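Visitor: As they're listed, the protein sequences go chains A and B. The first sequence maps to residues 1 to 115 in the numbering used here. The second sequence maps to residues 1 to 112 in the numbering used here.
Treat the hints as calculated values from the structure; they're not laboratory data. Heads up, a few of these hints could be off.
Said to hold, decoys possible - Label-pair ranges, simulated between beta-carbon atoms: (1) A/Gly9 to B/Asn62: 24 to 32 Å; (2) B/Pro39 to A/Thr70: 26 to 34 Å; (3) B/Lys9 to A/Glu69: 41 to 49 Å; (4) B/Pro39 to A/Ser83: 21 to 29 Å; (5) A/Glu8 to B/Val88: 15 to 23 Å; (6) A/Ala53 to B/Thr100: 14 to 22 Å; (7) B/Gly51 to A/Thr20: 33 to 41 Å; (8) B/Met19 to A/Val82: 33 to 41 Å; (9) A/Thr26 to B/Thr86: 26 to 34 Å; (10) A/Thr51 to B/Glu59: 19 to 27 Å.
Source: prediction; values computed, not measured. We put the CB at the ideal spot given by N, CA and C, even for glycine.
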Amino acid sequence: GNSVTQMEGPVTLSEEAFLTINCTYTATGYPSLFWYVQYPGEGLQLLLKATKADDKGSNKGFEATYRKETTSFHLEKGSVQVSDSAVYFCALTSNYGGSQGNLIFGKGTKLSVKP
Amino acid sequence: NAGVTQTPKFQVLKTGQSMTLQCAQDMNHEYMSWYRQDPGMGLRLIHYSVGAGITDQGEVPNGYNVSRSTTEDFPLRLLSAAPSQTSVYFCASTIDGGDTQYFGPGTRLTVL
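Turn these sequences into a full structure, and let the hints guide you.
Guide: Spelled out as structure tokens, the structure:
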């Protein structure tokens, strides 16, 4: 079945460091891919998304490119800030099969950015 | 426009008690879902609904019931709470399958 694998944390970086969080997926059909962010004590918010191969999603300085050939959707940011400290979830939804509109999540990666 | 709202924010139950977690959205979304979040497990789908009167099971449905009598509301019922149901519960909605999902703030449930 469909699944998402993302690098496990926690990840600790200094402010202004480069961030990469790896995400790979297994899916049938043509899934859309998402990164969600969860700040402490809050629900999940969409960070960015890509709906087809080679699409690049971007928001708040974060980017991720939908790579069908490597089944990956790695999250990157060139210079992290303390305010980026959060848990990041890679997710996919698929238009194939019965559960349309639902998300399959990775386990989450906790990022801590130190000043 | 309040988005997705959930009540209560926190709840403590004793084993065997029942309760209902409330979820409402004011965006006229057809799709609504319930997820549970456990440490190291990410979020897992409990039940979902593609419209009023239609519900289906997700990955971890045992011990939970849902109904969808209106587009706005999607309550989650625990009939006989167990310690294994201690978790954070999130409700989400989306206008269409495959599109962005909007999450509520969550309900932290502890079952003793």
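Visitor: Each hint: holds or not?
Guide: Quick rundown of the hints versus the structure:
1. A/Gly9 to B/Asn62: 24 to 32 Å: holds (30 Å)
2. B/Pro39 to A/Thr70: 26 to 34 Å: Hint holds: Cβ distance 29 Å, inside 26 to 34 Å.
3. B/Lys9 to A/Glu69: 41 to 49 Å: holds (44 Å)
4. B/Pro39 to A/Ser83: 21 to 29 Å: holds (24 Å)
5. A/Glu8 to B/Val88: 15 to 23 Å: Given range 15 to 23 Å: holds, Cβ gap about 19 Å.
6. A/Ala53 to B/Thr100: 14 to 22 Å: holds (19 Å)
7. B/Gly51 to A/Thr20: 33 to 41 Å: The hint (33 to 41 Å, Cβ to Cβ) holds, given that glycine 51 of chain B and threonine 20 of chain A are roughly 39 Å apart.
8. B/Met19 to A/Val82: 33 to 41 Å: holds (38 Å)
9. A/Thr26 to B/Thr86: 26 to 34 Å: holds (30 Å)
10. A/Thr51 to B/Glu59: 19 to 27 Å: holds (23 Å)
When held up to the earlier numbered hints, the structure conflicts with none and fits them all.
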